[in-house]
Amino acid sequence: MTANILDGIVLGLQFGLLAAGLTLVYGLGGVLNLAYGQMAVVSAMVVLFSMDADVPALPAIGLGVLAGGLSGLILDLTVLRPVYRLWGEARVLLSLLLTLGVAFVVDGFLNWQYPQAGLTLRIGGGPVEILGVPMRAGSLVASAVTLLAMAALLVFFRATTLGRAVRSVIEDQEGARLVGIDPHRMLRLILILSGVLAALVAVTRSMVAPVTVTAGFGLTVNALIVTVVGGLGSVPGALLAGILLGIINTIAASYIGTFLSLIILLTAAALTILIRPSGLLGVSE
Amino acid sequence: MLEVIDLSAGYEGGDVVNQIDFHVDEGEAVMIIGSNGAGKTTLFRSLIGLHRLSSGKVLFEGEDIASMPAQRIVRLGISFVPAERHLFPRMSVQENLVLGAYPKRPDTETIELVMALFPRLAERRRQHAGTMSGGEQQMLAVGRALMAKPRLIVLDEPTTGLAPKLAAEAYEALGVLRQRGLTILVAEQQVPLAMQLSDRGYVIENGAIRMEGTSAELAQNPEVRHAYLGVV
Amino acid sequence: MTERFSEGTGTSVIGGAERRTSRSLASLFLPIAGIGAVLALVPLWLGDSRVLMGVAVLGLAYACYTIGFNLIFGSTGQLFLCVGALAGIGGYGSAILAETVGLPIPMAVLLATLAAGLIGGLLSWIAVRRSLGVIFTGVVTLIFALAFENLLLGLTDLTGGDGGFLIGAGSESFLRRQIPPYYLMLTLALGFLVIHGLLRRSHIGWAFRALRDDELAAELAGVDVARYRVYAAVVGSAMLGMAGGLYALTEGRISPTTFGFAQVDVVVLVMLAFGGIGTLFGPILGAVAFTVIDELLIDLGQLRVLVYGALILMLFLWIPRGVIPTIAGLIRRRGPSG
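Protein chains in written order, with our numbering: chain A, 1 to 285; chain B, 1 to 232; chain C, 1 to 338.
Quick caveat, the hints were computed from the structure, so don't treat them as lab data. Every residue, glycine too, gets a C-beta built ideally from N, C-alpha and C. Careful: at least some of the hints might be erroneous.
What the hints assert, rightly or not - Ranges between beta-carbon positions, derived for each pair: (1) Gly133(C) / Pro222(B): 29 to 35 Å; (2) Leu66(A) / Arg120(B): 47 to 53 Å; (3) Ala152(A) / Thr257(C): 39 to 45 Å; (4) Arg120(B) / Leu154(A): 27 to 33 Å; (5) Glu129(A) / Thr257(C): 41 to 47 Å; (6) Gly222(C) / Glu3(B): 48 to 54 Å; (7) Pro164(B) / Ile275(A): 28 to 34 Å; (8) Gly125(A) / Val51(C): 53 to 59 Å; (9) Gly133(C) / Ile5(A): 30 to 36 Å; (10) Gln19(B) / Arg130(C): 48 to 54 Å; (11) Leu154(A) / Pro164(B): 50 to 56 Å.
What the hints assert, rightly or not - Selected chain B positions facing chain A (in silico; Cβ < 10 Å): (12) Lys104; (13) Ala145; (14) Gly175; (15) Leu177.
To be verified - Residues of chain C clear of chain A, computed beta-carbon distances all greater than 10 Å: (16) Pro43; (17) Asp48; (18) Arg50; (19) Met53; (20) Thr100; (21) Leu110; (22) Val134; (23) Arg176; (24) Leu199; (25) Arg209; (26) Leu216; (27) Arg253; (28) Ile327; (29) Leu330.
Could you put the whole structure together from the sequences, leaning on the hints where they help?
Structure (structure tokens):
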């Protein structure tokens with residue numbers, strides 16, 4: 001059981017960090033980015049190709065993270081521009097549809113050009129015992145990096161001027177404008193940040209299991225469900241929901257088997273949404 | 001300091017305010033009075049860049065700010081306190097104030113001024129803005145607006161939803177600010193308080209300026225007395 | 001994200017350009033009959049090829065799905081991302097009832113249709129009770145769709161799982177021949193159009209438009225928004241179930257991917273958005289267009305996905321309200337000036 005919980009936490013941290021990116025973009029800009037999973041995959045591919053070109057691991061990862069951030073910026077500058085002219089529900093719908101188109105273009109291209117490509121980062125070193133359970137080095141490093149990233153995120157939002165500015169836009173966009181904050185600039189920043197997070201998740205995930213070109217949509221759906229359960233726009237909510245759902249997932253999978261466990265996970269998510277639509281830590285509107 | 005020339009603004013159905021002219025000189029306190037629906041809010045929101053103008057010019061210290069977005073205008077030295085306040089509900093009083101100074105770091109002198117003007121805020125520094133009462137929120141909204149050390153502060157119906165005692169306190173604070181040299185433009189339905197504070201005023205009705213004059217003049221005007229001062 | 005700026009809402013994706021008051025029934029039936037006549041000619045042209053007729057039948061099935069989805073989403077704004085699952089309830093339901101349980105086919109389809117309608121209605125009722133907005137309804141129905149797909153994969157004894165389900169029932173009948181299924185699905189599609197058209201002209205249709213335009217105003221005007229939403233969901237879901245069931249029986253073989261999210265929901269959404277969300281004929285236009293496009297792209301393999309993506313982008317960048325409302329808009333603009 002402990003093994004399951006620990007595995008669940010490893011998985012859940014990934015879920016959470018990934019969802020954080022998606023929830024920020026939605027909470028701040030009212031934009032639903034369905035190309036999110038593809039941003040992660042693109043980053044993974046950049047790392048893969050760099051390493052194939054004999055770039056050492058760390059710089060390659062750096063390039064991947066850069067690629068992630070860049071993809072966010074590109075989305076902001078191109079496809080999302082017509083979305084910014086709309087507000088509310090119309091904005092969500094159009095952003096959903098346009099990013100879906102982007103997702104297909106990227107996914108189709110990658111799968112056509114590099115079928116079966118996948119990134120795997122092998123972390124050396126034997127298993128380490130945590131609470132009596134042998135954990136692979138890869139899982140541990142992945143979790144450590146993810147935790148660090150989460151901590152950095154939380155520090156950013158709580159303690160820096162820029163982070164507070166971002167939060168203020170989520171809190172009350174008009175109020176933010178009245179103190180001189182440009183919501184669009186903040187959204188651009190957050191889109192870049194979400195790309196960086198996606199890249200980090202892809203890289204850390206590859207330390208545990210291969211991240212293939214086909215992983216895109218699965219990642220997006222995952223992130224979306226965790227986001228909604230955690231509360232749209234709430235980063236702590238996404239992190240918490242991620243960990244919870246990760247644990248439920250692994251426990252269910254080991255005791256029941258994959259198909260039913262997925263159904264249980266999905267049901268748990270649905271119930272949370274139904275019982276508390278604002279999410280675990282969201283704000284009841 | 002602020003000159004509004006021929007301003008018209010409205011919504012898809014048509015303009016709500018038409019060809020408004022008025023001005024505010026440095027050091028003055030000017031009031032714009034009118035009943036509900038007269039156009040005060042649309043006027044102010046257009047001034048401050050939250051709403052697009054159909055036509056007209058808005059000159060702030062000579063510069064035309066008519067087409068600038070709000071986030072730029074507030075960095076030029078104008079602060080706006082909207083009727084709905086638009087505070088950051090899940091952030092503390094402290095955080096709200098600190099953000100008021102964005103992008104600069106908050107000035108201790110200014111914070112102290114705000115705390116002196118509104119002691120109730122000092123007591124609640126860590127409290128979330130969303131959990132405070134209407135009066136406290138109003139004070140916080142004004143306090144936040146002051147953090148940017150504006151030269152002109154524009155307030156839209158600051159006494160909305162406030163009990164008379166709190167409304168009087170709010171205007172007392174504005175009086176203090178006035179004496180320190182802050183230029184004030186305020187829209188009000190509750191005219192007596194605004195009249196005490198202001199040097200001059202404009203009466204707006206159906207989207208147009210109907211009357212203007214010094215506070216003293218307006219106070220004597222029978223129509224004003226009847227419509228806004230409750231004198232029969 | 002609670003702000004909605006007052007400076008106008010810009011162009012919305014949901015068009016519904018046809019704001020006409022009630023007209024004669026002929027104006028409803030004539031276009032439908034016209035479309036029916038044109039589509040009825042297709043077998044004359046493709047009838048020799050089993051493959052192409054199969055594509056045509058599938059295209060009509062998608063047209064039916066899109067009409068059902070249009071009724072749920074276009075009419076009452078409920079973003080049901082479980083179109084495939086509801087069709088799958090009809091499909092697998094009919095298949096299992098006919099094959100495993102041994103019920104006569106019409107009864108199997110009827111029961112499966114009812115099941116789909118009830119489940120769709122239940123989902124809508126839940127969404128209404130919990131006041132779920134568009135995004136939440138979408139996510140909850142998406143979860144349902146994913147859960148259903150996994151259920152199909154998991155319950156291998158019942159459904160054949162990954163490998164698919166062979167339906168022996170009806171294999172001797174006209175259902176498995178080359179051309180009759182086409183006319184069956186065509187009749188279904190036309191019938192659905194008639195139902196949708198009649199609903200639009202009725203007081204129910206008025207209520208739909210009212211609640212879609214401004215929910216609060218509709219409530220204040222006395223429209224029981226909740227009830228109409230559930231009605232629309234029940235009817236639309238029943239359409240999905242019936243189409244799924246009949247399609248399954250004409251194919252003879254179904255698998256979870258026949259009714260999967262990626263295969264059905266995404267495609268239906270794009271078809272409807274292309275034709276015009278909320279319009280009457282948008283679904284048919286979208287289904288025909290994309291069936292043709294899909295067939296033209298069939299050789300491209302993975303590149304198809306890329307082309308689809310590019311088409312979606314072009315579609316929503318240039319004609320966000322869909323073809324029919326955009327054309328209607330252009331005509332209206334040219335009209336008065338002559």
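Check your understanding: Where does the structure disagree with the numbered hints, that is, which hint numbers, in rising order?
Key -> 1, 7, 11, 14, 15 and 22
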